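So you can see what is in the structure, the chains are spelled out below.
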Amino acid sequence: MTPEQWEILQGFFEEVIQKPLEERPEALSRLETEIQDSAIRMELRRLVEHAEVGAEFLRPVAGLGLFPDKPALQQGDVIADRFEILKSIGKGGMGEVFEAFDRTLGVRVAIKMVAPEFTREPSLLKRFHQEVQIAHQVTHANICRIYDLGEHNGLPYLSMEFLEGETLSKILERGPLPLKLWDDLAHQLLQGLRAAHAAGVVHRDLKPSNLMLTGSRLVILDFGLARPILTNEEGSLTRPGTLIGTPDWMAPEQLIGEYDERSDLYSAALILVRAFKQGSDTTGSGGLAGAVRRATTDNDFRAQIPKSLPAPWRHALLSCLERDPRKRPRNVEEVQKLVRAHHVLPLQLRQFAASNWKSAAIVLGVLALFAASLRIVWYPRQKQPEGLKPGSVIMIAFADNTTADSRFDGLTTALREDFRQSARFNVWDQRRFGEVARAMRRDPNLKPDEKGWREIAVREGVPLLVFSTLSKVSDSYVFSVICEQIGSSPDTAFQKWQDTETASGPQEVFDAIHKATNRVRTLAGENAAEISANNLLPQDITSSSWEALGLYGEAQKAYSQGHVEDAVSSLRRAVDRDAQFAMGFMRLGDILNSQNKLEEGFADWRKAIALAGTQHLSEHERLSIESRYQLEIKDFGKAVPLLNEWMRKFPNDPLPMQLLAWTWIETGNYDEGIRLARDSQSRFPPTAYGTSVLLRGLIAKKDWAGIDQQTTILENVSNRLLAQEFRAFIAFSRGNYDESVSLLREVMRSEDQMESSRATAMLANLEADHGNLASARQLLSEGIAKDRAIGQDGFGSQKMIALAFLEGKDGNRSRAIALAREAVSMRRYPWVIVQAVSILARYGAPEDATRFVKRFPAGEGPTYEANRLRMRGEILAAKRSFDRALDLLEQASNLDRPQQPKEYLARAADLAGDHERARIIYQRIAEMPSITLLTDDEWPGTRFIAREYLTTTKGE
Amino acid sequence: MITTPGEVSLLLERILDGDRSAEGRLFDILYGDLRRMAAYQLRRERSDHTLQPTALVNEVYVKIFGQSPPEARSRAHFMALAAQVMRRYLVDHARTKKADKRGHHPQMVPIENALIYDERRSDEFLAVHDALERLREWAPRQSQIVEMRYFGGMSEEEIGDYLKISSRTVKRDWAMARAWLHAELSI
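As they're listed, the protein sequences go chains A and B. Position one of the first sequence corresponds to residue 0 (numbering that gives the first Met the number 0), numbered consecutively onward. Position one of the second sequence corresponds to residue 0 (numbering that gives the first Met the number 0), numbered consecutively onward.
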């Protein structure tokens, strides 16, 4: 195509386009016969076919203008050849409002430009037009008049009556209204409402900032401009949907999505009460909690309405504030009848009041809001918003129990567990709360308010936040849930859904919770099939006893504050209450295990697992606890299929992937482990755990480039010191001994005592491996003292056992024995016991060793079995029953990580005189990858000792 | 971090006087500023927050002109240039993103390569960019109008100001270009 052709083409194109749609085909055909140039002819047809493009196509990348803060219109701009913009009056939820001069009529008007986001859907725009047309028909002194609807630069605008004055909210900031003025305004308000209702328009969002006083005239703004977001085609609200406006002035039935003229009456009455009584309380009554409270308790407004109001008004307002709309006056006229006796309408207003209004039968919700103080931005959409993507995190704020009944304190637990069933979404880990609170310099013991939760959500990058409230109404309960889609700032929530369910009794509250949760899951994007795949009831997967749930909540709180004993006792009481409270047992097990009371801990876990079989745990929790149990007792054969099942059923949960990766690497399947860990990293945000697992695998494979990359990632997601430890280890693996030493010493000097302790242990290991056994001993001694000082018995006992081994090797047998004993008394961890038994057996205290064997817990699974065999084998070897000893030790080795060469087997072989065999095993030990230095159930310096053995026995 | 207002204003003046090399220099400056600011933002924000390149250009604009916006003609020039910058920037990144898609892309990558915006539109950016390059051969004005509108979000008046044509002409050109693009992209 050439420029000349294009110009000609344009001429023809515009000719056809100017015709209405129906006439175009004919015009096109006619032109086609006239055009000689075939290129132009074909192109013309093509262009005409594509001429009617939706507004969505080629929507500017930047939205309205490159500079969103720049006003859409400027002073001096002229719209529609008629309205000259004078200045900007303000920005509202829907768009910006300008003062303008209407050249045609010679008056000032207000122009409201609608922001493009609100008109994205063509059907919405059409709706907007229709509804504004109807609102336009209401002509009344007390209603802000809408004149015209037009389009400028592709965006719709409204021209409206220009008002000069103040909003009621501003006026009330200065104090309540005196009676005479109040009376006057109240009557005007009623007048305006009456006129609009008669035209079939309902306001829906009455509030002080929507009422303006200009001169002595009260004008209701944005009448008919508030809209319910979820409506069916006829425009009536049939189901709960998105909230609009702040709930401060809402009528109770609005919370469940019902709304008619009587709702306007309620709101109006509420405003009037506040305006008279307590002018400064213009923010209404406490947001959602207030609205729910008003909706659910029998408020006694009687007490709140001052006696100084004339009796007819008091009576009228009280009846408008009835919770049940059916008990309210049916319409404005009835209210006016009640109060008419006390007021005489000025003559001109009366005439106005009688003027034209139609009686259309449509109940409308029209478009958005003009909030003088923008607190929440509402984006009306025709269909439900897009769901969250799979794997998104949902944050469940602490539920608000307003029933004053403390047994419902377990509300949050029931709600949270119901959500955690979801295979599509993950629930934010509540255990992070303390850490995040401290990082934000908040008191971790204080419950955050709504804004606080939003701040946390923004900080954690969580897209959806769920608030909930439980209230009581005589014998019934109301459970309300509000979800907010989180933006980038805690001050705006740009999408809200709500659901309210009622329940007739405590057990039914569970059902209410469940219904609400399912609703939220649907709104967030789960389809029906996904939900029904994981749809157990909260009372089943937690407890049907509210007392038990309450105790569980108490236990959580106590634990987070460090009161472990209290936590355990609360949990015990909880499972006493409800013997089927699987989660209670699970948590008990968690705590007891972490305290090293492994027998009891595992017993509780097993109870939980058994109960899980009868669906007393959600599928997610069942798989989690079953696989973690197997991992704890190191029965990898059982753990792996469980982890696979967990991964398969919950593909959006990163944890099973990472655990399985760890398992592969632990068992020497490095390639598998690496692949899985990388997979997890590509699909989920990297975590410290996942990254360190991957690192271990890469180190085993000596993938230096990968290691570099992952170490950088580790630095970013965890703390610097941990990454530094890895770096030190990598340096060592590559042979940079000096570098690794200096890196680790740096960590040792840091203020983080835990990391310092870990670094000390690692350095000791490396030194021993390098052959500097004396340094290793020194480091361990010093490390033990420090660990004791900071109460880290776990680390201390491990260092002790390591030191015991080295002392033994150095010939200090009594010292070795003493250390071994002390290590066990410090911490009766099974693996510590095993190593202590070994030491005691080897260095001359076989009776002690036998005694210690009895302390080994009765665990199940191959690792436990292997360790028992090993201990017996070591003792037999000490007693010189070598044949039997070797037999047992071999069995042990085959049960526990058979691919790994065992030092105890090599040593026993050597003692038995089978040097050939010992050499073979020691050779394999010497060749072990450096990654084995990272595990702590190996002796320090094993490789070095193996190398020594090989050199000294070379001659044989 | 941002070029001095003086330097930019000076360049704008020269551009208005018809100095084409000044245009190239300002382009480079804006582009560089955009990248630096993006990098700065990314370091502060979490890596999975979407970054708005337009917001960044806005910041540049505000920092340069502050409270006193320049007169209409300068502004129009600035915006037209910003539209070009935006276009180049988005296309560059759409291309980088495409390359990245092969194999896994971990979250932590060298900062500049990880700039994110509405992913769904990155294919669109590339397609429109390519189509505009073709259109430029026989309809340079329309191509430029689309660039300013689509990548720069300029209004019809602003475009008219810059090209020194009436906004009515802009409207007509836009309608036709849009139809053509729609036809091209529908294949």
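I should point out that these hints are in silico values taken from the structure, not numbers from a laboratory. Among the hints, erroneous ones may be present.
Calculated lysine to aspartate or glutamate pairs in the EDC-like style (CA-CA distance at most 16 Å, straight line) [to be verified]:
hint : chain 1 : residue 1 : chain 2 : residue 2
1    : B       : K170      : A       : E172
2    : A       : K648      : A       : E529
3    : B       : K170      : A       : E51
4    : A       : K596      : A       : D792
5    : B       : K163      : B       : D16
6    : B       : K170      : A       : E150
7    : A       : K606      : A       : D575
8    : A       : K648      : A       : E620
9    : A       : K785      : A       : D809
10   : B       : K170      : A       : E14
11   : A       : K556      : A       : D408
12   : A       : K276      : A       : E172
Given the structure is predicted, the values throughout are model-derived calculations rather than measurements.
Status of each hint after checking the structure:
no.	hint	result
1	K170(B) with E172(A)	violated, 48 Å
2	K648(A) with E529(A)	holds, 11 Å
3	K170(B) with E51(A)	holds, 15 Å
4	K596(A) with D792(A)	holds, 14 Å
5	K163(B) with D16(B)	holds, 15 Å
6	K170(B) with E150(A)	holds, 14 Å
7	K606(A) with D575(A)	holds, 13 Å
8	K648(A) with E620(A)	holds, 12 Å
9	K785(A) with D809(A)	violated, 23 Å
10	K170(B) with E14(A)	holds, 15 Å
11	K556(A) with D408(A)	holds, 11 Å
12	K276(A) with E172(A)	holds, 13 Å
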